[in-house]
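Visitor: Produce the complete structure using the sequences and hints provided.
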Amino acid sequence: MEQYTDEERVEDLKKWWQENGTSIIVGIVLGLIVIFGWQYWGSYRNTKSEQASLVYDAFIVAAEKPDADQAKQRGQALLNDLPKSPYAALAALRLAKLSTDSGDTADASQRLQWVIDNAKLDELKDIARLRLARILFAAGKPADAEPHLAKITTAGLTAEREELRGDVALAGNDFTKARTAYTAALAASGGNPLLQMKLDHLNPASADSVIVAPAAPPTPTQPEAPQTNAAAPPATVSEAPAVTAPAAAAESSPPPLLTAPAPTTATLAPTSPPAEPTATGSAPIPATTRVAPTPTLPDAIVTSAPPASASPEAGSAATVPAPVPPTPGQ
142 MEQYTDEERV EDLKKWWQEN GTSIIVGIVL GLIVIFGWQY WGSYRNTKSE
192 QASLVYDAFI VAAEKPDADQ AKQRGQALLN DLPKSPYAAL AALRLAKLST
242 DSGDTADASQ RLQWVIDNAK LDELKDIARL RLARILFAAG KPADAEPHLA
292 KITTAGLTAE REELRGDVAL AGNDFTKART AYTAALAASG GNPLLQMKLD
342 HLNPASADSV IVAPAAPPTP TQPEAPQTNA AAPPATVSEA PAVTAPAAAA
392 ESSPPPLLTA PAPTTATLAP TSPPAEPTAT GSAPIPATTR VAPTPTLPDA
442 IVTSAPPASA SPEAGSAATV PAPVPPTPGQ
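Its first residue numbered 142, the sequence shown is counted upward by one per residue in the numbering used here.
Hints listed in this document are in silico derivations from the structure and should not be mistaken for laboratory results. These figures come from a predicted structure and were not determined experimentally. Backbone N, C-alpha and C define an ideal beta-carbon position, used for all residues, glycine too. Treat the hints with care, since some could be wrong.
[To be verified] The list that follows gives simulated cross-link-like pairs (lysine-lysine, BS3-like), each with its CA atoms no further than 27 angstroms apart:
hint, residue 1, residue 2
1, 318, 282
2, 318, 292
3, 339, 292
4, 189, 238
5, 155, 189
[Stated by the list, open to error] Distance windows between CB atoms, simulated:
hint, residue 1, residue 2, range
6, 224, 152, 57 to 67 angstroms
7, 164, 238, 51 to 61 angstroms
8, 214, 262, 24 to 34 angstroms
9, 181, 251, 51 to 61 angstroms
10, 173, 201, 38 to 48 angstroms
11, 262, 315, 28 to 38 angstroms
12, 344, 285, 20 to 30 angstroms
13, 248, 225, 19 to 29 angstroms
14, 176, 152, 29 to 39 angstroms
Guide: Below is the structure:
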């Protein structure tokens, strides 16, 4: 085995260093740069993250106040200075809400689109897509909202996505698609009553789901007023060939029998004043002139019901005698 002297070893070491020394130095320097650079980058990120957190906290405090202008300024400053920060996407979502509340849907749409393009988290992008789709649907653009809904993949937004998809389909009169979307939303939400109402509105009514209104109660009938027995007026004798007296209305006494002779041709004859007729239990009946019947026929007997003031004896009647023909020249 060849023996090396110290001088030869030194010469070999110098030769190796000349060949590899530069690479070693470069490697060491690069390693130091990487180490210190990584530490610096971590410190820088922490500093920026803390700064973004402070700015975002100030923005949230300003957003809670009635004056939204200051909040918008702080939020825009966060987007300009720290656009890569996770807080920037959150600030953009809050700025979009402020714009929506103030009625500026165009600015809200731009904020949400910025989140979709620049956010690092897919969940934040899906939230922005869902809100943008709602704005487009409310603006009467359901066709523009559907593409944003199709890109939402976050499981926690399934119920909201399917509900809005059902609303979009219903606006386009696609009832089958709307029913399918509402069913999926109802299953994902765990039984939302509002979704159940929307689904019931689309489903045809069945015999079990039809609610029959109760029958109206019968209209109460008014009791009939009791009929009072009106007193019949006293019968009068007229020139009519037949006289019929009205029957009494009292139920306790039978109606009187009214008879009259058959009409015949008669001649008027002078008569003397007739005697005052009398009636048992009745008021006197005034005498009147009537047509005399044929002498061969019996006198007409008129039976009338007693007036109201008469006693309620059954069968009481007033008999009117036949008038005596007047003497000539009277």
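Visitor: Does each hint hold? Answer for all of them.
Guide: Hint by hint, here is what the structure shows:
1. 318 with 282: Holds, at about 18 angstroms.
2. 318 with 292: holds, 18 angstroms
3. 339 with 292: With a Cα-Cα distance of about 24 angstroms, the restraint between residue 339 and residue 292 holds, given a limit of 27 angstroms.
4. 189 with 238: Since the Cα atoms of residue 189 and residue 238 sit roughly 25 angstroms apart, the hinted pair holds (cutoff 27 angstroms).
5. 155 with 189: Status violated; Cα separation ~48 angstroms.
6. 224 with 152: 57 to 67 angstroms: With a Cβ separation near 60 angstroms, residue 224 and residue 152 satisfy 57 to 67 angstroms, so the hint holds.
7. 164 with 238: 51 to 61 angstroms: Holds, at about 58 angstroms.
8. 214 with 262: 24 to 34 angstroms: holds, 25 angstroms
9. 181 with 251: 51 to 61 angstroms: Cβ of residue 181 to Cβ of residue 251: about 35 angstroms, so the range 51 to 61 angstroms is violated.
10. 173 with 201: 38 to 48 angstroms: Given a distance of about 42 angstroms, which is inside 38 to 48 angstroms, the answer is holds.
11. 262 with 315: 28 to 38 angstroms: With a Cβ separation near 33 angstroms, residue 262 and residue 315 satisfy 28 to 38 angstroms, so the hint holds.
12. 344 with 285: 20 to 30 angstroms: At roughly 29 angstroms between Cβ atoms, residue 285 and residue 344 fall inside 20 to 30 angstroms, so the hint holds.
13. 248 with 225: 19 to 29 angstroms: The hint (19 to 29 angstroms, Cβ to Cβ) holds, given that residue 248 and residue 225 are roughly 22 angstroms apart.
14. 176 with 152: 29 to 39 angstroms: Given range 29 to 39 angstroms: holds, Cβ gap about 35 angstroms.
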